Every structure is written in C-alpha cells, then in structure tokens.
Amino acid sequence: VLFNKAYLFLQLAGTAVLAIGLWLRFDSQTKSIFELESNNTTFYTGVYILIGAGALMMLVGFLGCCGALQESQCMLGLFFLFLFVIFALEIAAAIWGFANKEKIIEELKTFYRETYGKRSQPAARETLKAFQLALDCCGLTGALEQQFMDTCPKKALLESLSVVSCPAAIDDVFNSKLNVIGAVGLGIAVIMIFGMIFSMILCCAIRRNREMV
Numbered sequence: 001v002l003f004n005k006a007y008l009f010l011q012l013a014g015t016a017v018l019a020i021g022l023w024l025r026f027d028s029q030t031k032s033i034f035e036l037e038s039n040n041t042t043f044y045t046g047v048y049i050l051i052g053a054g055a056l057m058m059l060v061g062f063l064g065c066c067g068a069l070q071e072s073q074c075m076l077g078l079f080f081l082f083l084f085v086i087f088a089l090e091i092a093a094a095i096w097g098f099a100n101k102e103k104i105i106e107e108l109k110t111f112y113r114e115t116y117g118k119r120s121q122p123a124a125r126e127t128l129k130a131f132q133l134a135l136d137c138c139g140l141t142g143a144l145e146q147q148f149m150d151t152c153p154k155k156a157l158l159e160s161l162s163v164v165s166c167p168a169a170i171d172d173v174f175n176s177k178l179n180v181i182g183a184v185g186l187g188i189a190v191i192m193i194f195g196m197i198f199s200m201i202l203c204c205a206i207r208r209n210r211e212m213v
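In terms of our numbering, the sequence shown opens at residue 1 and continues consecutively.
Derived by calculation from the structure, the hints in this document are not laboratory data.
Please read all numbers here as calculations on a predicted model, not as lab measurements.
Heads up, a few of these hints could be off.
[As the list claims (entries may be wrong)] Here are the simulated DSS-like pairs of lysine-lysine, each with C-alpha atoms no more than 27 Å apart in a straight line:
no.: 1; residue 1: Lys118; residue 2: Lys129
no.: 2; residue 1: Lys109; residue 2: Lys155
no.: 3; residue 1: Lys129; residue 2: Lys155
no.: 4; residue 1: Lys109; residue 2: Lys129
no.: 5; residue 1: Lys154; residue 2: Lys129
no.: 6; residue 1: Lys109; residue 2: Lys154
no.: 7; residue 1: Lys129; residue 2: Lys101
no.: 8; residue 1: Lys155; residue 2: Lys118
no.: 9; residue 1: Lys103; residue 2: Lys129
no.: 10; residue 1: Lys118; residue 2: Lys103
no.: 11; residue 1: Lys154; residue 2: Lys118
Using the sequences and the hints, build the whole thing.
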C-alpha cells in the first residue's frame, strides 16, 4: 500500500507539473510570449521542459503503480531506470542553473526590455501584463511608471510608491527566493530517492517469493 501511494503521488506530481506547463503555454496571457519575435529562449525552453518532465513523471508513476500491482519486475525495473534518469537530469539542471544564474538573470532582463520596447504591439502588451503581475513590478523604473502604464498591476496611490522595477524584481526572485527553489528541488530529489529504494525493495521481494514457489 505504501509503495502504491508513493507511485500515485509521483503521478499526481507529474500531472501538476504537466498542467502548469500547458497552462503557461496556452493561457491567454502567457501564450502571447510565444508569438513575440525574440532571441530569448529561456522562457520557451523552461515551459517545454515542464511539459516534458510532467509527461515523463506521469509515465514513470504509471509504470511503478502497474509494476507494484502486477508484481512485474520488468515494469519496476523500467520505473527505477526512468526515475534515475529524471533524478540525474534534475541534479544536472540544478548545477547548470547555479553555474549560469547570472546569465539567466541577464537573459530575462534582456527579454523584458525587448518586450517593453514593443509594448505598442498587442502580443507584447499581454506579455508585459503577465510578467508584471507575476513579479508584482512595473516597467523599467517602478513607481514612476505605476500611474501611467495600464499594463502594470493596479494599486492605490500610496502602494504604488513602493512598486519596484521589473529588472529589480527579477534580481530579487533569483537572489532572495533561491533558497525556496532549492528546498523544493531538494524535496523532489528526496522523494525520487525513496521511490528508487522502494522499487528495488519490492523487486527483491517479488523475486524471493517466486524463488520460494
């Protein structure tokens, strides 16, 4: 029962990741980002990685659940293999992300400035709205633009005085929220390790039972 719950959790987590990726790709606000002509690929790549990772996690969870129910060593072996691959990719992505943090920040800032420069275009306006709402920021100067840009989050006059610029908000996300991102990644890694351990324990138990018969 414990094994099945672990596999079910992995499937649900995969469904959630896939749903977030699809939402970012096809939502009326964020899909406009894909319609912009830009050399920046950070957002595009991130969204497609979410979609691919979510689909793979669902498949892996399905293999683990079916393998446990049918006592199939083959399915459990595939589950372990796929989970190990995902775990290795997560570690590689974390190392790459930390090593290239400054580059990613600059790419996002450049992407925002390019989009800001095209704010007269409908697609760019929708992208600015989504970007500024997500980061609770406004333009390149923050409070100075709050009262004049209709793409910025609506705030009262006093609240608007403390609004930060979007380049500053990008810095804040990566510098002050990095520990939260790391904690989430560590939690997922621990779950994967337990999943691999459980699959091997179950696989060995199935083999012993068959040898006894």
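Consistency of the hints with the structure:
1. Lys118 - Lys129: holds (13 Å)
2. Lys109 - Lys155: Since the Cα atoms of Lys109 and Lys155 sit roughly 23 Å apart, the hinted pair holds (cutoff 27 Å).
3. Lys129 - Lys155: Since the Cα atoms of Lys129 and Lys155 sit roughly 14 Å apart, the hinted pair holds (cutoff 27 Å).
4. Lys109 - Lys129: holds (15 Å)
5. Lys154 - Lys129: Answer holds: Lys154 to Lys129 is near 11 Å, not above 27 Å.
6. Lys109 - Lys154: Holds, because 22 Å separates the two Cα atoms, which is no more than 27 Å.
7. Lys129 - Lys101: With a Cα-Cα distance of about 25 Å, the restraint between Lys129 and Lys101 holds, given a limit of 27 Å.
8. Lys155 - Lys118: holds (24 Å)
9. Lys103 - Lys129: holds (24 Å)
10. Lys118 - Lys103: Answer holds: Lys118 to Lys103 is near 23 Å, not above 27 Å.
11. Lys154 - Lys118: holds (21 Å)
In summary, this structure violates none of the numbered hints.
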